[in-house]
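Residue numbers (my numbering), protein chains in the order written: chain A, 34 to 229; chain B, 180 to 553; chain C, 2 to 478.
Please note that the accuracy of each hint is not assured.
[Claimed, not checked] Derived lysine-lysine pairs resembling BS3-like cross-links, with alpha carbons at most 27 Å apart:
| # | chain 1 | residue 1 | chain 2 | residue 2 |
| --- | --- | --- | --- | --- |
| 1 | B | 419 | C | 30 |
| 2 | B | 419 | B | 457 |
| 3 | B | 457 | B | 472 |
| 4 | B | 419 | B | 472 |
| 5 | B | 236 | A | 179 |
I should point out that these hints are in silico values taken from the structure, not numbers from a laboratory. Fair warning: this is a prediction, and the values are worked out from it, not measured in the lab.
Okay, here's what each chain looks like letter by letter:
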Amino acid sequence: MPAGPTQLAGQRVAEALDRALPGIVTVSNDEWVEVAPARVDEALHWLHDSEEFDAAQLSSLCAVDYHDHFAVVYHLQSLDLNHQIVLKARVSDHEEPALPSSYPIYKGALLQEREVYDLMGIRFEGHPDLRRIFLWDGFPGHPLRKDFMGIGQGLTSGLRRFPFEDKANPDRQLNRDNLIGDEQDVPSEWSGTAPA
Amino acid sequence: MVGDGASMTTSAEPYVLNIGPQHPSTHGVFRIRVVMDGERIQDLDMIVGYLHRSMEKLAEERTYTQNIPFTDRADYLAAMSSNLGLCLAAERLADVEVPERASYLRVIFAELQRIASHAMANGTLVSDAGAWQTPLLYMFREREKILDLFEMTCGARLTTNYMRIGGVAFEPPPEFWPALEELVDELPDRISEYEELLTQNEIFVARTRNVGIISAEDAINGSLVGPALRGSGVPWDLRKAEPYCVYDRMEFDVPIGRTGDVYDRFMCRLAETRESTKIIRQAIEGIPDGPHKTDIPLALRPPPGEVYGRVEGPRGEVGFYLVSDGGPAPYRFHLRAPSLINLSLLRELARGASLSDAVVTLGSIDIVVGEIDR
Amino acid sequence: MSDQPVPRRPATPMAQQILDRGSLLDDAKRLPSGVKAAGAVFALGFLAVNVAIAYIVIDGRLDGHWYDFRDLGNAIAQLRTELDDTGTGPWLSYWVTGLIGGVAILSFLGGFLLIGSWIERRLLARFQIRMGPNRVGPFGLLQPLADALKLMQKEVLIPIGADRLLFFLPPILVFIPAMLAWGPVPWAPNMAYLDINVGLLYVISITSLSVLAIWMAGWSSNNHYALLGAMRTVAMMVSYEIPISLSLLVVVLLTGSLNLNEIVAWQGSHNVWMAFLLPFSMFTFFFSSTAEINRTPNDIAEAESEIVAGFHTEYSGMKAGLFLAVELGNALLVGALFATFFLGGYTMFGLEEWVPPYLILAVKATTGYFFFIWLRGTLPRFRIDQLMTFAWKYLIPLSIANVLIVAVEATIAARWEAEGIVIYGSFALVNLALTVYAVRAWARVIGYSAELEHPEGPRTADRIGGLKAARQIRTGA
Numbered sequence: 034m035p036a037g038p039t040q041l042a043g044q045r046v047a048e049a050l051d052r053a054l055p056g057i058v059t060v061s062n063d064e065w066v067e068v069a070p071a072r073v074d075e076a077l078h079w080l081h082d083s084e085e086f087d088a089a090q091l092s093s094l095c096a097v098d099y100h101d102h103f104a105v106v107y108h109l110q111s112l113d114l115n116h117q118i119v120l121k122a123r124v125s126d127h128e129e130p131a132l133p134s135s136y137p138i139y140k141g142a143l144l145q146e147r148e149v150y151d152l153m154g155i156r157f158e159g160h161p162d163l164r165r166i167f168l169w170d171g172f173p174g175h176p177l178r179k180d181f182m183g184i185g186q187g188l189t190s191g192l193r194r195f196p197f198e199d200k201a202n203p204d205r206q207l208n209r210d211n212l213i214g215d216e217q218d219v220p221s222e223w224s225g226t227a228p229a
Numbered sequence: 180m181v182g183d184g185a186s187m188t189t190s191a192e193p194y195v196l197n198i199g200p201q202h203p204s205t206h207g208v209f210r211i212r213v214v215m216d217g218e219r220i221q222d223l224d225m226i227v228g229y230l231h232r233s234m235e236k237l238a239e240e241r242t243y244t245q246n247i248p249f250t251d252r253a254d255y256l257a258a259m260s261s262n263l264g265l266c267l268a269a270e271r272l273a274d275v276e277v278p279e280r281a282s283y284l285r286v287i288f289a290e291l292q293r294i295a296s297h298a299m300a301n302g303t304l305v306s307d308a309g310a311w312q313t314p315l316l317y318m319f320r321e322r323e324k325i326l327d328l329f330e331m332t333c334g335a336r337l338t339t340n341y342m343r344i345g346g347v348a349f350e351p352p353p354e355f356w357p358a359l360e361e362l363v364d365e366l367p368d369r370i371s372e373y374e375e376l377l378t379q380n381e382i383f384v385a386r387t388r389n390v391g392i393i394s395a396e397d398a399i400n401g402s403l404v405g406p407a408l409r410g411s412g413v414p415w416d417l418r419k420a421e422p423y424c425v426y427d428r429m430e431f432d433v434p435i436g437r438t439g440d441v442y443d444r445f446m447c448r449l450a451e452t453r454e455s456t457k458i459i460r461q462a463i464e465g466i467p468d469g470p471h472k473t474d475i476p477l478a479l480r481p482p483p484g485e486v487y488g489r490v491e492g493p494r495g496e497v498g499f500y501l502v503s504d505g506g507p508a509p510y511r512f513h514l515r516a517p518s519l520i521n522l523s524l525l526r527e528l529a530r531g532a533s534l535s536d537a538v539v540t541l542g543s544i545d546i547v548v549g550e551i552d553r
Numbered sequence: 002m003s004d005q006p007v008p009r010r011p012a013t014p015m016a017q018q019i020l021d022r023g024s025l026l027d028d029a030k031r032l033p034s035g036v037k038a039a040g041a042v043f044a045l046g047f048l049a050v051n052v053a054i055a056y057i058v059i060d061g062r063l064d065g066h067w068y069d070f071r072d073l074g075n076a077i078a079q080l081r082t083e084l085d086d087t088g089t090g091p092w093l094s095y096w097v098t099g100l101i102g103g104v105a106i107l108s109f110l111g112g113f114l115l116i117g118s119w120i121e122r123r124l125l126a127r128f129q130i131r132m133g134p135n136r137v138g139p140f141g142l143l144q145p146l147a148d149a150l151k152l153m154q155k156e157v158l159i160p161i162g163a164d165r166l167l168f169f170l171p172p173i174l175v176f177i178p179a180m181l182a183w184g185p186v187p188w189a190p191n192m193a194y195l196d197i198n199v200g201l202l203y204v205i206s207i208t209s210l211s212v213l214a215i216w217m218a219g220w221s222s223n224n225h226y227a228l229l230g231a232m233r234t235v236a237m238m239v240s241y242e243i244p245i246s247l248s249l250l251v252v253v254l255l256t257g258s259l260n261l262n263e264i265v266a267w268q269g270s271h272n273v274w275m276a277f278l279l280p281f282s283m284f285t286f287f288f289s290s291t292a293e294i295n296r297t298p299n300d301i302a303e304a305e306s307e308i309v310a311g312f313h314t315e316y317s318g319m320k321a322g323l324f325l326a327v328e329l330g331n332a333l334l335v336g337a338l339f340a341t342f343f344l345g346g347y348t349m350f351g352l353e354e355w356v357p358p359y360l361i362l363a364v365k366a367t368t369g370y371f372f373f374i375w376l377r378g379t380l381p382r383f384r385i386d387q388l389m390t391f392a393w394k395y396l397i398p399l400s401i402a403n404v405l406i407v408a409v410e411a412t413i414a415a416r417w418e419a420e421g422i423v424i425y426g427s428f429a430l431v432n433l434a435l436t437v438y439a440v441r442a443w444a445r446v447i448g449y450s451a452e453l454e455h456p457e458g459p460r461t462a463d464r465i466g467g468l469k470a471a472r473q474i475r476t477g478a
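If we strip away everything but chain A, and leave its shape as in the complex, we get (with noise of 0.2 Å):
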């Protein structure tokens, strides 16, 4: 797996976890640990604390659309040991998702979790101010769902003008199975099914 070099194993953090916070844990594997929704500001307190993990500060956070449900990403890393953690949280309602915020515990969170409720639409409890922050107010959707404006609902795949051959170097001819042709196979091809 494609794992950083500097990214802790998912279960060794799970172990952890699990022994400071019981019952915290949901999945977890070499690369990522899952915690409870509810319960992700607890185990980001509790990361951000430890002397072991001492996750100081929040590199990234994002969301991501798996159709039934979304996984809310947090990169935490800590500067001293040199280490990331990747910390995911499963919210499984598509209608009203919501979660904790990690605001209290890291000030970067910010403009990030207003950007991933913009995007997303997915709340987090407790922020301080939680408003749209790249499009406008009332615009309908939020655009990094799966289910938004998709493929022959108005948006032309950049992949319908993927080149068929590399006119330089004809002996590249790539098969054309490999390559979406008609426009009825995109969504079958990529878009629908959601990774393992």
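Model the placement of chains B and C on the given structure of chain A, informed by the hints.
Just chains B and C now, with coordinates in the frame of chain A:
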């Protein structure tokens, strides 16, 4: 009554001042609504999104290679660094080997881009402090030469689109190398010139010293990265902490500030340009012969999985969070934009400061609106 | 990498042009030969005329007659006697001479505004390794004319909610004091439009009038930027009037006259410039004037990076043009006043016998203007509280001390029977030493911190880490 300071204070009605979206010191279409009491700022609210293109959504419709030009347009002052970030992330995701010569070329171009970007950042900062564009234009002189080098190599000056997954797009032309060496020879002199002109200028020092102080704790907690973090005295540089390309073979120092004020951030940038010239010189000496890229399939289909790749751009950590579902386009493409996240502390910094100080502080954080809005 | 030398690719055309840029002299060398010849003929002719005049003067035949071109005031005086001789009463001669003088000042200023903005832009461009305007006319000389035409064609916008009358008036009102202040400036011994005994008071009071117009502009624009700019201007002008007045009071103490002509004549007859005698006053006057006329480093009233254009943010078209023109004219006015008070005015150690004195003054005034441009291309801007601090805590106490010291010196000069060079030479040395010492000592007293003088550069980190590493490096662990 007389002599009693508290009873002598006057009160004034606060008013709202709109700085931007078109304003000389917002460096782009960036708007700040400021509630002011005389010259003091009581509160402020950032309004961004005027340049929003929903890059992350568009990226889900394009292959990994097709997404490289988007990264040019995100941070248009440091296109090479963002290019590099995406390529490194995609290479790790798809497990692509990069030839050594390509890694060296990447280091050279990323460092050139850092010098160009820092020249712009420092120039506009001094311009914000009121030196009527003179330092900016002097710093543009070097930036211009660097952009000429870019143009020589890849035909574009700003939106370079030079890095590729598996290497770089083109081998630099033969006339590139003497021009590069000439530039690297004269850069230290130029940097010394700026140091003489600006760092001892009392007005500039009075304007920037002890202004906009960010403590090390706040800087870390507020997710600040790059010179904004190092200016506060935190010795954090991804080139050292998590060496990518061939940075582990380069010898360079990480300059850090003393108090975390505007002046420290300015000085850190200036010192970093000096370190960058050192890196470029080492890269010129050490660059091996060989191919400049590995061939990858045009429609790269990485195995399902996810990756967070990051590089130290001029403004700090540029991170790319890519999720693949095995298709030719990323399932999710997230750009961790240092310009946006570095603004997290602006409100706290500007509250209680005067308008002049807030403008200089904003200039020292060094934002690029294309990257904020994406 | 190949070892054999590869020709350097030529830079882009614009970059090449900048690289190839020469000095202004090189520009002059590229002039067409006809222009060169005409210039040479003009210069030689000018020299010849002056030498001829000087010869006649030394011969003693042309002293103070109307055809003495060194002093156009003689011609006006002659005209006045002739008009008075017609018997129509004094009103006719007053009106005619007044009109002539007024038109002369206006046309001089108008001409200067055109050439001055070209000089400023061109010089700034040279300071900033740029080309500057070089497209309209030879060397871009007609650029100001084109700009003026463009500004006149533009629509004059009045913002919604603006006070229309108050918004309309300021560009005109700000122009009037800028013109009136030229009155008492002596161009030659007999060539001052207003040769009044309270000339210095007149100049100080007239120049302070423009603050009203600026406040009107800022208030009536219904714009916060304009209001902020106007507030800053008012605060700054009120503060810096005092050091200016105090620094000029010192001049009056030494010369014993408020008449500008006599101040110049005093410097001429003693063969010394006030600049040598009173270095501190000179600095105070120059620095405070930059605040009065909103030039760098004190251009906070129209600080571009903070409040866009300050009090004239909302003005467009020729109204904005008038503000800009006044700014330029004021810079030249301050140059002329500076020359009059501190650089010997129209005198130049005897050269005024040979060269028309008004040309000497014009050169000196333009030199002052050049210094303003130089500062603009060099220095950053102060913050408003720093400027206020500088005026009230620094300039005003020191100026008062300066007045005391010079008062003592003036008393000594009146009683000391010695050669002028001994008296004023010793004063100059004492004042220079006092200035250098007092400026440094007072800076320490009011808490000028040493770190501003020698700021420390960045540290080099010997490790990578977060807060712990930062603390360790800071404490030297």
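Quick rundown of the hints versus the structure:
1. B:419 <-> C:30: Violated: residue 419 (chain B) and residue 30 (chain C) sit about 55 Å apart, past 27 Å.
2. B:419 <-> B:457: Answer holds: residue 419 (chain B) to residue 457 (chain B) is near 15 Å, not above 27 Å.
3. B:457 <-> B:472: OK: residue 457 (chain B) and residue 472 (chain B) at ~25 Å, within 27 Å.
4. B:419 <-> B:472: Roughly 25 Å separates the two Cα atoms, so the pair holds.
5. B:236 <-> A:179: 9 Å, holds
Violated hint: 1 only; the structure is consistent with all others.
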